[in-house]
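Engineer: Sequence:
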Amino acid sequence: MHPTELPQDIKDRVIARRGKLHLYEDLDPARTALIVIDMQNTFMEPGAMAEVPLAREIVPNINRLAAACRGAGAAVAWVKVTVSPEDGGDYWPGLLAHVNTEERAALFLEALADGSHGHAIWPDLEVKEGDIIVNKNRYSAFLPGASPLADALRERDIDTVIITGTLTNVCCESSARDAMMTDFKTIMVSDGNACLR
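Residue numbers (our numbering): 3 to 199.
Do not take every clue at face value.
[As the list claims (entries may be wrong)] Derived Cβ-Cβ restraints for the label pairs, each shown as a range:
1) H100 - A69: 37 to 43 Å
2) R15 - E157: 34 to 40 Å
3) E27 - A108: 23 to 29 Å
4) A74 - H100: 40 to 46 Å
[Stated by the list, open to error] Think about it this way: if two alpha-carbon atoms lie no more than 27 Å apart in a straight line, the pair counts; the simulated DSSO-like pairs of lysine-lysine are:
5) K130 - K13
6) K130 - K22
7) K187 - K130
Note that these hints are calculated values from the structure, not bench results. Bear in mind the structure is a predicted one, so any value in this text is a computation, not a measurement. No residue lacks a Cβ here, since even glycine has one placed at the ideal position from N, Cα and C.
All chains, full assembly: derive it from the sequences and hints.
Structural biologist: Right under this line is the structure:
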């Protein structure tokens with residue numbers, strides 16, 4: 003978890019523009035899903051190749067949110083960044099070729115291979131039977147073709163998503179933006195997201 007506080011002048015501008023601070027004052031649990039992004043061993047374990055130390059701090063908050071959502075009748079979805087065998091080693095070549103060294107790209111491919119230890123959801127997270135679990139192959143879980151999440155939610159008549167996970171400013175933000183752009187009501191949880199600083 004990272005400290006977040008909007009300055010009062012920004013809050014005042016938001017209220018002046020739309021008449022209220024928060025976009026959504028009421029949620030219909032039957033049409034809502036908690037989305038948990040990339041809370042996998044590769045990002046959670048001390049010393050892991052992509053460790054996000056602050057992500058361990060949000061685990062209790064995510065577990066509480068998940069329990070509250072389930073109790074109210076909302077869905078819970080766990081999203082895992084994944085390198086699948088069907089990718090044929092050609093997972094997101096633009097990212098691997100231009101953003102990472104060859105060595106780091108190889109570690110990334112190994113760590114997030116479908117079924118590997120690094121790919122697994124962090125064991126302290128309380129995944130329950132009936133939760134949605136999907137793989138994604140881009141930063142955003144809502145980018146068309148990146149995962150089956152949007153379709154799975156729409157099949158359940160879900161129109162509101164609550165975004166949690168890691169990294170706040172990468173996969174969580176990308177997912178939130180694409181969810182909003184594809185007409186999901188989208189909420190980011192300040193104490194349910196984590197980044198490196």
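Engineer: Decide, hint by hint, whether the structure agrees.
Structural biologist: Structure-based check of all given hints:
1. H100 - A69: 37 to 43 Å: holds (41 Å)
2. R15 - E157: 34 to 40 Å: holds (38 Å)
3. E27 - A108: 23 to 29 Å: violated (48 Å)
4. A74 - H100: 40 to 46 Å: Cβ of A74 to Cβ of H100: about 43 Å, so the range 40 to 46 Å holds.
5. K130 - K13: Not satisfied, since the Cα-Cα distance of roughly 37 Å exceeds 27 Å.
6. K130 - K22: Answer violated: K130 to K22 is near 36 Å, above 27 Å.
7. K187 - K130: Holds, at roughly 24 Å.
Checked against the numbered hints above, the structure violates hints 3, 5, 6; every other hint is satisfied.
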